[in-house]
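Here the structure of chain L is known, so what remains is to put chain B in place on it, guided by the hints.
Protein sequence lines correspond, in order, to chains L and B.
Using the numbering used here, read the first sequence as starting at 4 and increasing by one per residue.
Using the numbering used here, read the second sequence as starting at 2 and increasing by one per residue.
Bear in mind the hints are in silico, worked out from the structure with no lab data behind them.
Ideal Cβ placement from N, Cα and C applies to all residues, glycine included.
Please note: incorrect hints may appear among the correct ones.
[What the hints assert, rightly or not] Covered, in the sense of this in silico footprint (three residues per stretch, anywhere, with C-beta under 8 Å from a C-beta of chain B), are these stretches of chain L: (1) 22 to 31; (2) 78 to 87.
[As the list claims (entries may be wrong)] Computed footprint of chain L on chain B; a stretch qualifies when at least three of its residues, placed anywhere within it, have a C-beta under 8 Å from a C-beta of chain L: (3) 44 to 55; (4) 106 to 113.
Residue-level listing of the chains:
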Amino acid sequence: EDQVTQSPEALRLQEGESSSLNCSYTVSGLRGLFWYRQDPGKGPEFLFTLYSAGEEKEKERLKATLTKKESFLHITAPKPEDSATYLCAVLPRAQKLVFGQGTRLTINP
Amino acid sequence: SQTIHQWPATLVQPVGSPLSLECTVEGTSNPNLYWYRQAAGRGLQLLFYSVGIGQISSEVPQNLSASRPQDRQFILSSKKLLLSDSGFYLCAWSVRGGYDSPLHFGNGTRLTVT
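Chain L with its partners taken away, still in its complex shape (with noise of 0.2 Å):
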């Protein structure tokens, strides 16, 4: 059965102290994994794709990787307002989107 695991469930940091959101997946031949941030109240805003181990994204203080069984989204020097839930979603062969539960990130000023 195809999984998607992301950790933790909830990230408190304080402005400018980077860390990183764990996405653990177990899947039949991954397609593409795709990362999203949700607002509260809001739909899922899509971040990025990545397609094959190796690979890497990158937008503002965001950084996507990939390996063959875990994604991590580095988020650097963050400010109050990349305050978000964020999302990973894997492909898998079946063509059939998991999402994982996400994890609530806070930023304190």
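Coordinates of chain B only, in the frame set by chain L:
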């Protein structure tokens, strides 16, 4: 650029009443369309998806239904709501044929069944 509209933003309905949520996409043609439900602590659950007008696939048996009367319009309906239908409903689109293209979500409808 492409945009997706979903309405209403919030809805409070009594048990047994009907439901109609609407979603429209602008700026793209022949999109794949999706309805998801997001419950607290349970992640995103795919309810329906459509690859074309009148083509609906259901992922979870329930008292909800979906229709796609036009290429860029997707409707989620129910004849009689249950308490368990409460949740956050999200419409999304992706590029047709782009099996590995990302989903793009609307801002959702918060449904409370009382």
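| Are three or more residues of the segment 22 to 31 of chain L within 8 Å, CB to CB, of chain B? | n = 0 at 8 Å, threshold three: violated.
| message | Closer than 8 Å Cβ to Cβ for three or more residues is the test here. Does the segment 78 to 87 of chain L pass it with chain B? | response | Result for this restraint: violated, n = 0.
| task | Count residues of the segment 106 to 113 of chain B with a Cβ under 8 Å from any Cβ of chain L, then say if the count reaches three. | result | holds (count 5)
| request: Count residues of the segment 44 to 55 of chain B with a Cβ under 8 Å from any Cβ of chain L, then say if the count reaches three. | output: This one holds; 3 residues, not fewer than the three required, reach chain L with a Cβ under 8 Å.
Going through the hint list in order, the structure does not satisfy hints 1 and 2.
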